[in-house]
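Engineer: Here is what each chain is made of, one letter per residue.
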Amino acid sequence: MDLSFTQEDEAFRAEVRAFLQDKLPARLSDKVRKGQRLTKADMEEWHAILNARGWLANHWPVEWGGTGWSVMQRFIFETEVALAHAPRIVPFGLSMLAPVLIKYGSEAQKKHWLPRILDGTDWWCQGYSEPGAGSDLAALKTSAVREGDHYVVNGQKTWTTLGQYADMIFCLVRTDNKGKKQEGISFLLIDMKTPGIEVRPIKLLDGDYEVNEVFFTDVRVPVENLVGEENKGWTYAKYLLTYERTNIAGVGASMAAFERLKQVAATQRRNGRPLAQDPQFAARLARLEIDLENMKTTNLRVLAAAGAGHAPMAESSMLKIRGTEIRQQISDLMRRAAGVHAQPFVTEALEEGFNGPAVGPDFAAPAASHYFNYRKLSIFGGSNEVQREIISKAILEL
Amino acid sequence: MDFSLGEDRQMLVDTLGRFLAGNFDWKTRETVIETAEGWSRPVWAQLAELGVIGALFDEASGGFGGSAFDIGVVFAEVGKALAVGPFLGTLLAGRALAATGETALLEQAIAGEVTLSAALDSDAAQGVADGEGWALTGTQPVVPFAASADRIVVAARTGEGPSLFLIEKGAPGIEIRDYPLIDGGAAGELMLDGAAATLLGQAGEAGAIIEEAVAAGLVALCWEAVAIMDSLKVQTLEYLRTRKQFGVAIGKFQALQHRMATLALEIEQARSSAINAADRFAKGRLEREKAVSAAKFTIGRVGSLAAEEAIQMHGGIGMTWELPLSHYAKRLVMIGHQLGDEDMHLERFIALGQDALATAS
Chain A
1 MDLSFTQEDE
11 AFRAEVRAFL
21 QDKLPARLSD
31 KVRKGQRLTK
41 ADMEEWHAIL
51 NARGWLANHW
61 PVEWGGTGWS
71 VMQRFIFETE
81 VALAHAPRIV
91 PFGLSMLAPV
101 LIKYGSEAQK
111 KHWLPRILDG
121 TDWWCQGYSE
131 PGAGSDLAAL
141 KTSAVREGDH
151 YVVNGQKTWT
161 TLGQYADMIF
171 CLVRTDNKGK
181 KQEGISFLLI
191 DMKTPGIEVR
201 PIKLLDGDYE
211 VNEVFFTDVR
221 VPVENLVGEE
231 NKGWTYAKYL
241 LTYERTNIAG
251 VGASMAAFER
261 LKQVAATQRR
271 NGRPLAQDPQ
281 FAARLARLEI
291 DLENMKTTNL
301 RVLAAAGAGH
311 APMAESSMLK
321 IRGTEIRQQI
331 SDLMRRAAGV
341 HAQPFVTEAL
351 EEGFNGPAVG
361 PDFAAPAASH
371 YFNYRKLSIF
381 GGSNEVQREI
391 ISKAILEL
Chain B
1 MDFSLGEDRQ
11 MLVDTLGRFL
21 AGNFDWKTRE
31 TVIETAEGWS
41 RPVWAQLAEL
51 GVIGALFDEA
61 SGGFGGSAFD
71 IGVVFAEVGK
81 ALAVGPFLGT
91 LLAGRALAAT
101 GETALLEQAI
111 AGEVTLSAAL
121 DSDAAQGVAD
131 GEGWALTGTQ
141 PVVPFAASAD
151 RIVVAARTGE
161 GPSLFLIEKG
171 APGIEIRDYP
181 LIDGGAAGEL
191 MLDGAAATLL
201 GQAGEAGAII
211 EEAVAAGLVA
221 LCWEAVAIMD
231 SLKVQTLEYL
241 RTRKQFGVAI
251 GKFQALQHRM
261 ATLALEIEQA
271 RSSAINAADR
281 FAKGRLEREK
291 AVSAAKFTIG
301 RVGSLAAEEA
311 IQMHGGIGMT
321 WELPLSHYAK
331 RLVMIGHQLG
341 DEDMHLERFI
351 ALGQDALATA
361 S
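Chains as they are written, first to last, in our numbering: chain A, 1 to 398; chain B, 1 to 361.
The hints are simulated quantities; they were obtained by calculation from the structure and are not laboratory data. These figures come from a predicted structure and were not determined experimentally. Any given hint could be a false lead.
[As the list claims (entries may be wrong)] Across the chosen pairs, the derived CB separations fall in these ranges:
1. B:26 with A:238: 25 to 31 Å
2. A:21 with B:344: 58 to 64 Å
3. A:336 with B:130: 52 to 58 Å
4. A:357 with B:357: 26 to 32 Å
5. B:245 with A:238: 30 to 36 Å
6. B:253 with A:135: 45 to 51 Å
The beta carbon of each residue, even a glycine, is placed where N, CA and C say it ideally should be.
So here's chain A without its partners, still in its complex pose (with noise of 0.2 Å):
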């Protein structure tokens, strides 16, 4: 057993260092660091910066503009970007729709849609759940019935995250209702201008618009706009659950979230000392901390094993379950290590260029924002307990 990465790995990570030194813009770290609540525009900025690197769409296969990168270093510069503060890639376009129409669409579909989201053209957002089917997704009735060269679609999708930035909506809706539930589902490329679409805000317990519902009367879609064979619109979602994630356990954003944690520990005081020396805070932080380097290994052993060319699914699951746990502890942390600075909620304080006095320590700002926001990670994704009905079914074969 050897758990050292590679030399070639760790001069792809001084690469990848040397680059965000490079090109990180100041202004986007600082904003991310400081949890303050980022705009379309600095999303699209830094899309545009690893597009100009040929870096954006990393997992993608070369000719499409992908890197040829392995497992290996997708997780290394996934973690690298984490802890330079950058923002996230935003998934929807590049890493959820992106791998099906590789898979499943026509050649005039991928040579359409794939450099339009390179590119930034089109923001996509992502229509997979509705009122009714959560965890059930499989029951969704959004309807689209077919007339002439053209769907009509009837119905509304919910949850749809970033929908108030988006041209198009990648859209799982129902084309026949006989026989089992999955079997009448297809998948459908929905133009967000379309007459007969209306876009509702769903302010969060945050107070911040990051979802929305997405309403659909008589929206007439082009029948081009089928991805693959209708009908068969589950595989297709159901690949993008099973497409390999190398970084669903966000190992380098909790690098990252634990680093700042330990800093904010080390000065910040109750009862006379740091919050790092009273019992209490520093067993929690170091069963956090213990938590985090196993989870950072079993992380490294299911690469390894993907390396080798064994899929990971349902350890994708195991790493979900854990990584999000160990994000939601150390936001739990930050919000304790608050206090009673926790409570005052300035939303000023959370946008960029704010100059105003901070109320209390500069950490408290966003802490109680974040933990409640970070409760969706083990609600989104699969929620944490379907993700313990695919161990059990898929691991444990119960």
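Position chain B against the provided structure of chain A, taking the given hints into account.
Structural biologist: Just chain B now, kept in the frame of chain A:
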């Protein structure tokens, strides 16, 4: 990055696994743990012949392995078979003997000719110079297979600081109150009253040697524990698939499925912690000690979870002496009580982190 064991180590694992399956099966274990000594000398002699004991030590000390991963895989097989014998005592004493240049005695132990044990709590005894030799006084608790050991490496405090000594079976001033252990095997309270002892190495300089030997012991226990967790998981899954209640296999109930999924996830974390401990073993004191304490904490936490869940999901049958599962559960929980428990290692991990900060600033 490579998580495979490598060819030589895999061969050791296969040989040892086959040997224990054939020569230390469950029936044998049941008989052995009821004997006065609590272990099998013939089996131990064969293990020595196979080179299993030598795998715990490097070539300079007369062995042919000695890396943390070598230690880990041997103890994983011990865990898998729930083997009883002076494995840990031999490892601890042997590492101390190797570090103090006592390779002749260690070679005899590797050959299976001499049985070793170790009592490494230097605060539990005092040593004073006594003519040519030393005299030890104090009580070392729960010394593994103390009554069977020909030689015991004993830590004691002297005027110079923590020191290591060797005592011989039957020497004056030694009394052993021996007893069986709840998880099989035997141990004893080692009561020293001016016991004649030979100094190992330099007086007052044993602190680092003891720490390294205990770290090797912690790696061993962690790998043993993970193997036991795996075994508990397999046995419990088998039971969930076959035991029927309310007309279905109980593994069909979501309440149990989710608990098993959580347990499986935690066992993978425990495995990662044991791998980390072995990986950091040769990387400098602070890294090594943080990793072994992190691992022992994790193994303690997940170990009691695994033992409790395995018994609970088996229901009444899990409570019986007859079912091997209960013995695996007992061993796993008792590993938590050896060489420092979960709480002690968490506190130690915190203290080591603060040491690191103090050194950095």
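Engineer: When the structure is checked against the list of hints, which entries are broken? Sort them ascending.
Structural biologist: Structure breaks hints 1, 2 and 6.
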